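Number of protein chains: 2
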Amino acid sequence: MPEALAHIEGVGLHPFGRHPEQSLGDLAAVAIDAALRDGGCEIGDIDVACVGNSLGGALAGQETIRGQVALRSSGLTGIPVLNVENACASSSSALHAAIMAVRSGMYRTALAVGVEKMYVGDTSQTLRALGNAATEGLYRVHGLQFTSLYAMAAKAYLADNPGAELADFARVSVKNAANGARNDAAQFRRPRTVEQVLESRPIAEPLTLLMCCGIADGASAAVVTAAPRSDRAVRVLASALRSGAYRSPRADPGPSSVALAARDAYEQAGVGAQDVGVVELHDAAAPQELMHLEDLGLSERGRAWEMTRAGETALDGRLPVNPSGGLLSRGHAIGATGLAQVAEVCTQLRGEAGERQIRSSRPVGLTLNTGGRTVDDRAAIAVHLLAAR
Amino acid sequence: MPEALAHIEGVGLHPFGRHPEQSLGDLAAVAIDAALRDGGCEIGDIDVACVGNSLGGALAGQETIRGQVALRSSGLTGIPVLNVENACASSSSALHAAIMAVRSGMYRTALAVGVEKMYVGDTSQTLRALGNAATEGLYRVHGLQFTSLYAMAAKAYLADNPGAELADFARVSVKNAANGARNDAAQFRRPRTVEQVLESRPIAEPLTLLMCCGIADGASAAVVTAAPRSDRAVRVLASALRSGAYRSPRADPGPSSVALAARDAYEQAGVGAQDVGVVELHDAAAPQELMHLEDLGLSERGRAWEMTRAGETALDGRLPVNPSGGLLSRGHAIGATGLAQVAEVCTQLRGEAGERQIRSSRPVGLTLNTGGRTVDDRAAIAVHLLAAR
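Chains S and C, in that order, are what the protein sequence lines are.
Mapping the first sequence onto my numbering, position 347 (from 1) lands on 347, and the numbers just tick up by one.
One gets my numbering by counting positions in the second sequence from 1 and adding 1000 to each.
No lab work stands behind these hints, which were simulated from the structure alone.
Predicted model only: the values in this text are computed from it and were never measured.
For every residue, glycine included, the Cβ atom is placed at its ideal position computed from N, Cα and C.
One or more hints might be untrue.
Sample of chain S residues lacking proximity to chain C, with all beta carbon distances greater than 10 Å (derived) [claimed, not checked]:
no. : residue
1   : 18
2   : 44
3   : 127
4   : 142
5   : 200
6   : 209
7   : 275
8   : 302
9   : 315
Chain C is faced by these chain S residues, among others (derived, beta-carbon under 8 Å) [unchecked claim]:
no. : residue
10  : 77
11  : 82
12  : 83
13  : 101
14  : 145
15  : 149
16  : 372
17  : 379
18  : 380
Please take these sequences and the hints and turn them into a complete structure.
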């Protein structure tokens, strides 16, 4: 196995869901405390904090020093704090910064945090704030929300892959809900049938409610070091961050920015798609899971719907995808999602996932977190490759 | 001289001032283009961008992917972008991240950018947004703006130092305006007299208008590498970031967070205050310059007013401070200020500052950029130590 870029000593979450009584600091404190305990670390061990959050300015009225304000609830004061934003990829970007921090030799132990509050009592306010994750005019001028963009990509996927059908998107949602039902930290824990998904109310044709992730409050954290402190430390083999072309399969045969980020990650790690045994990816809408699997090289082009239909991405399948329940079921507290994915993969790689533990002979776990949209580009794509020691 | 942490290949600015016609992207493009030309680099050389901005969400309606949106104007797409926020220390924090990026070995060439637009037609909106740089309740509940906090510190300084008088604050403003008058990129280029400063309208007793920095639009950029590409590259000897106690001289005899950040920086660099020959520091209000000089160890405790009165911090003095004009005269486009300070020190160290060129036999330049306020702490303090090759 290749040399590690860094190590993740511990991970922690605040369960995703509706938590109106909790401030950003309250949510973060639970995740940070869990990550420190998981890593056998204390607050005094932390040399720098990289804090990802996306909507705190628009929704919580706290801009520009959100990390410092949130970390006070954990008693974390006096240390350097980098506030990192990258829309839905904010906390994987914070992890990327934390890895740079310890790799640089400037810090020994870094804390990466993701935290978000999206339930603010008025969903239209949350939707307006989410519009900010795209170039200002895209939402404000053209009225394009993310669900509409996903719907257009879904239609292109169906047009490009004649065997695929709407029920294949529903099957992704059913699988992820079955996984989420086994996850205490998941927001939506009720299993679904294909019929229920197809019959749920339309959101943006052809997407129905249960093909789209919800909004959530939640937090996630990881303790990162260069040299491992314990045998439980998970090795970071690659941390690839990018921006770039959002390409529907139809529009352009060239590689999408997700494919390029995956290529970067495999090159950094010196491994290939065939080494990946567990995946957490960005299923903000169900069809995205299929497109991402193909862009990541984990499915042949145009074949991820068949893979899903055959049960290969289920918990007991050849390549379990979104064992946590994914964005669709674990939930999508946007600035907290990337590190929640990393937390799940670490837990799986250590064999500590309880009744949702996957079995794989392949050693590498992969996370894909995407965020934001400029005119025709994704703003941020983060791919991390992880392996047990 | 100690080994360098990283190198700054080139620096660039968009002059600070009132630029209603320019978007964040327009402002950033000018600074980035200048930094690339200064460093003999091309856009294709940039492997990662760290973008500091503080008020784009509250004032320009673009949250969370501000860097990606702004960088499109420069044709910088497809690369990794980290959006970094730390109130008035956003761009020095972006530089800190850029230094980590190249030190980590994960990137060869990093671009650090600071950009801000504060003139939005309605100053009360800008003031509300600035309130966000403090813990939410401090401004919204208690009505405390930064000027009030500076005014309280100013009174404590006068009480603690019996020889000092209000005119000593005015002398800081007069000195910095004289420097700014020689700087094409400065916002306020008219010289001032002590009388004019004292007689300008009261802002927060005892501070008058000309003792307080204004608001500004502007941008700044630096190209950062681990190994130097040319002889003009400036060596980064230290990059220290912190949060922590804001202590007025009166309240507590212990070291303030600025003093601790300076100690970190001197330790990193293996140099001392006696090696510093030029300083750009955070004179958001004139008295801050005196307190900072003492906290940085560049003046004896309680003696910076005498140093200033004796002309030691003037352009032709023993230790020139704020040769650019400082926040008071070059201007304070908050998310762009930290890198503007670094740009000035690089220009001075290279001997390229024209009619404001300082002469010093001491080899080290220091920048101090502070930002934000939680209940009783500064949110971010960044100290950089630089030296010519």
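Hints, one by one, checked against the model:
1. 18: With a cut-off of 10 Å, residue 18 of chain S remains clear of chain C, as the shortest Cβ separation is near 22 Å.
2. 44: holds, 14 Å
3. 127: Residue 127 of chain S clear of chain C: closest Cβ-Cβ about 14 Å, beyond 10 Å.
4. 142: Answer for residue 142 of chain S: holds, closest chain C Cβ roughly 15 Å.
5. 200: holds, 29 Å
6. 209: holds, 25 Å
7. 275: holds, 21 Å
8. 302: Per Cβ check, residue 302 of chain S is outside 10 Å of chain C; nearest 25 Å; holds.
9. 315: holds, 33 Å
10. 77: Cβ of residue 77 of chain S sits 6 Å from chain C, so the hint holds.
11. 82: It holds, given that the least Cβ distance between residue 82 of chain S and chain C is near 6 Å, below 8 Å.
12. 83: It holds, given that the least Cβ distance between residue 83 of chain S and chain C is near 4 Å, below 8 Å.
13. 101: At 5 Å from the nearest chain C Cβ, residue 101 of chain S passes the 8 Å test, so the hint holds.
14. 145: Violated, about 15 Å.
15. 149: violated, 14 Å
16. 372: holds, 4 Å
17. 379: Where the cut-off is 8 Å and the nearest Cβ of chain C is about 4 Å from residue 379 of chain S, the hint holds.
18. 380: Given a least distance of 7 Å, the restraint on residue 380 of chain S holds.
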